[in-house]
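Asks: Full structure from sequences and hints, please.
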Amino acid sequence: MTKNRLSGALLLVFVLLSLLPIYWMINMSLKTNDEIVGVMTVWPNHLTFDNYKTIFTDPSWYSGYINSMIYVVMNMVMSVAVALPAAYAFSRYNFVGDKHLFFWLLTNRMTPPAVFLLPFFQLYSSVGLMDTHLAVALAHMVFNVPLAVWILEGFMSGVPKEIDETAYIDGYSFPRFFIRIFLPLIKSGVGVTLFFCFMFSWVELLLARTLTSVNAKPIAAIMTRTVSAAGMDWGVLAAAGTLTILPGALVIWFVRHHIAKGFAMGRV
Amino acid sequence: MARIELQQLAHAYRPNPTVPADYALRPMTMTWDDGGAYALLGPSGCGKTTLLNIISGLVKPSHGRVLFDGKDVTDLPPEARNIAQVFQFPVIYDTMTVFDNLAFPLRNRGWKEAAIRQRVEHVGAMLELSGDLKHRASGLSVDAKQKISLGRGLVRPDVAAVLFDEPLTVIDPHLKWLLRRKLKEIHHELKLSLIYVTHDQIEALTFADQVVVMTQGEVVQTGSAQDLFEQPQHTFVGYFIGNPGMNLLACTVADGMAGIGGHHFPLPAAVWQALEPLQHSSGGQARLGIRPEYVECLAAPQDGSLPATIISMRDLGTHYLAEFQLGANRVAAKLARSAGQPGAMAWLHFPPQRTLYYVNEQRVA
Amino acid sequence: MKTYNNRAWFLILPVIICVAFSAILPLMTIVNYSVQDIISPTQKIFVGMEWFRSVMRDSDLHGALSRQLVFSLAVLLIQIPLGVLIALAMPASGWRASLALVLIALPLLIPWNVVGTIWQIFGRDDIGLLGHAINAAGISYNYTGSSIDAWVTVLVMDVWHWTPLVVLLAYAGLRSIPDAYYQAARIDGASRWAVFRFIELPKMRNVLMIAVLLRFMDSFMIYTEPFVLTGGGPGNATTFLSQYLTQKAVGQFDLGPAAAFSLIYFLIILLFCFVLYTWMQRLGTGDQK
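Chains as they are written, first to last, in this note's numbering: chain Z, 10 to 277; chain R, 564 to 928; chain F, 10 to 298.
Since the hints were derived computationally from the structure, they do not count as laboratory data.
Note that this is a predicted model, so its numbers are computed, not measured.
One should not assume that every hint holds.
What the hints assert, rightly or not - Here are some chain F residues the structure puts well away from chain R; computed CB gaps all over 12 Å:
{"id": "1", "residue": "I26"}
{"id": "2", "residue": "S107"}
{"id": "3", "residue": "V161"}
{"id": "4", "residue": "G198"}
{"id": "5", "residue": "D227"}
{"id": "6", "residue": "Y286"}
Claimed, not checked - Only some residues are given here: those of chain F computed to face chain Z with a beta carbon under 10 Å:
{"id": "7", "residue": "I21"}
{"id": "8", "residue": "P35"}
{"id": "9", "residue": "I54"}
{"id": "10", "residue": "F55"}
{"id": "11", "residue": "V56"}
{"id": "12", "residue": "P120"}
{"id": "13", "residue": "D135"}
{"id": "14", "residue": "I136"}
{"id": "15", "residue": "L183"}
{"id": "16", "residue": "I219"}
{"id": "17", "residue": "S271"}
Note that beta-carbon positions come from the ideal geometry of N, C-alpha and C, so glycine has one too.
Replies: See below:
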């Protein structure tokens, strides 16, 4: 039982240390700029919600959140939908060029996004998708789809093939088998994939900024505005940063049962 | 080799169970003899795996006690109980060779290498794995892996009982037979107590000396294959065992006669004696049970026969499987000869010594 | 064993279309630019491998590359074991697990420029909690002045930012191990260390490989956070490869050398990843699926 106490203590220490900079960010978000650069205070001397007010009342700010949400969710759905069959194929079948294809897929994740900047700009301009959510969602698939295939394949390979075969003998059609038997067995993988697709798309700045101007401008791009403005608007930046965490926290909350073990559901 | 006793054993997930539905395992008391082969048979969700896990120590029962050879082991963890458990899919250590897999439990218990080698080779030979001892366990076929799982249990000489949780589920059908035979051989040679959980009645009936039939957390009958087939004490046993299962027909008993769908036949004296109280208490409602194997079909009416219409008559090679409409009931029967075409009349006779009567699912006569 | 079936290509087709479409075109463009001297949009001269040669000879590049390698190595050595350790310490289910998951994932969700900004303030002696606390404890700490302090700060920031990724992957991997393995280990009398070594670690091989490769790639391409925090300084102490590339490309705005450098950059990552990938696959040979 000491092992549990030790684990618990370790976990607690890690979580607390991890939360420290976040607390600091929240702290900053409740201060005025003067106080931020003036003194070091653990709690605001003059508590203010002005920074948050700015964000909630300025349409260019909150529309940023909405835009980001839209294309990120689009990307999540598209990436995972496309990745599931591919991951299954890689996991269950050998075919001509399979190993090379898999690794080529990974290489797309290895490319610095800056490399895609100009070509994407030209590409999306020419098909008239500039400044749309779809453009960013599609562009982000370049790095999210390989990641999704990669993670899902890993989890799928952990499921013994005998289960597939038993299901066919029992008369399951492929779609039914996939949804009712297979997916539940890899739900940790699906949960973590969904979260990572969300996360990497949510924080991606370069492509999102390049492909959008007004209609689909994401929150990450808007936040960089505060840097180039005369004098850094620390408080608003901190408030925006705090608010950025919320959607992601929600996503993790929703997929938590997929990642952690569900309630003891053993067969009796 | 251990005598396993379960005293007032029950398991509920909530702290204060009141109605039977609260229990995953309803209170039971049972003794299993040293060296016997037992099967726990029942449909999914009936509690058999819970019972198995309580015996192995992976689950602590909320009520009651478990005794091995008279010693109370209820609070002991699995590793202290001298049991081995084989799961539904092979559980092996992927990174180790077959030899190391089998040696693992012994190394954990501090055995000397020479003794380990001897023991592992012995068990390996018993399971026909000798040629594979040096290979990585992960590269073997599924049935070989299950043998390794079993071997890890057998390798400990002090193992008292081996528990199996539907171990043949992922094995190919033609290999199942071989593995089952191997298990029987091992049972004879090592004289261990074997407890085998399954939902497949063929497996249970061919493997075990005694079968424990369970449904919805309750043990409904324990007995040999023959007992369960010929004398099911509970309607569930009648229905679950046999293919097709027992026919269960609603009937009324009155004045020494049993009636189904308006037709009557006389009851033997002993049977009537047992059923007479029903006439007064529940209006004579009971259920009649007869196995398809024992239903007789007559070409012409006789005393005590019941008129029925043939619904279907299928030639299955070794016998005919017939379905009759008897009043509001359907009756299945296995016949040596065809009794006629669908739609024709036939007369059914239920031999009294094969006909059983049930009230509230329990056998009364 | 996997079945041989070329029809599996149909399942892969959507992925190939999406990714190839958006990956091959840019790659071709880059290759195109990397062998030309682009004096103006209309004046392009084919120069062959000249940009590649000049890029490789650049001593500043060597410096940035070696700093990058040290950084990525440190990142892997710290984040992978730490992430696995935390994942092991987390409960398997229940509200505590959910809470831990959410809290641990928070650093991942912060836009990277904000991450840099927070740590920028956080580490300052005058207005930051961390800087103030360390200096108050008697240790002189200044990430803008001292190279070592800058390195440590960048590393700690990265560990704080990205270890949760390893934790999440390792945790998901652990949770997909069926109970029966733990139960069998109990019956076999295995110690906690044996359970880790023979069950958990082998079964986490896939996720760990993903974690190692991901962390390597991303740390090798890291740009925003150190740029915002230290600007690459003091001097070029924390100037890693990405920033060096940007300096060159933006500063001189020469597409040709920039493209050549991008290609080399990509190829270096590719090479390392390939080596890591093959090595980790080898670690698990004998595993037929």
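Asks: If a hint holds in the structure, say so; if it does not, say that too.
Replies: A quick look at each hint next to the structure:
1. I26: 36 Å, holds
2. S107: Nearest chain R Cβ is 21 Å from F:S107, so the label holds.
3. V161: 37 Å, holds
4. G198: 4 Å, violated
5. D227: 29 Å, holds
6. Y286: The assertion about F:Y286 holds, with a minimum of 20 Å to chain R.
7. I21: Given a least distance of 5 Å, the restraint on F:I21 holds.
8. P35: 4 Å, holds
9. I54: This hint is violated: F:I54 lies away from chain Z, its Cβ roughly 19 Å from the closest one there, beyond 10 Å.
10. F55: Violated, about 19 Å.
11. V56: 19 Å, violated
12. P120: At about 5 Å, which falls below the 10 Å cut-off, the nearest Cβ of chain Z leaves the hint on F:P120 intact, so it holds.
13. D135: 6 Å, holds
14. I136: 5 Å, holds
15. L183: Holds, about 9 Å.
16. I219: 6 Å, holds
17. S271: 5 Å, holds
The structure does not agree with the numbered hints 4, 9, 10 and 11 stated previously, though it agrees with the rest.
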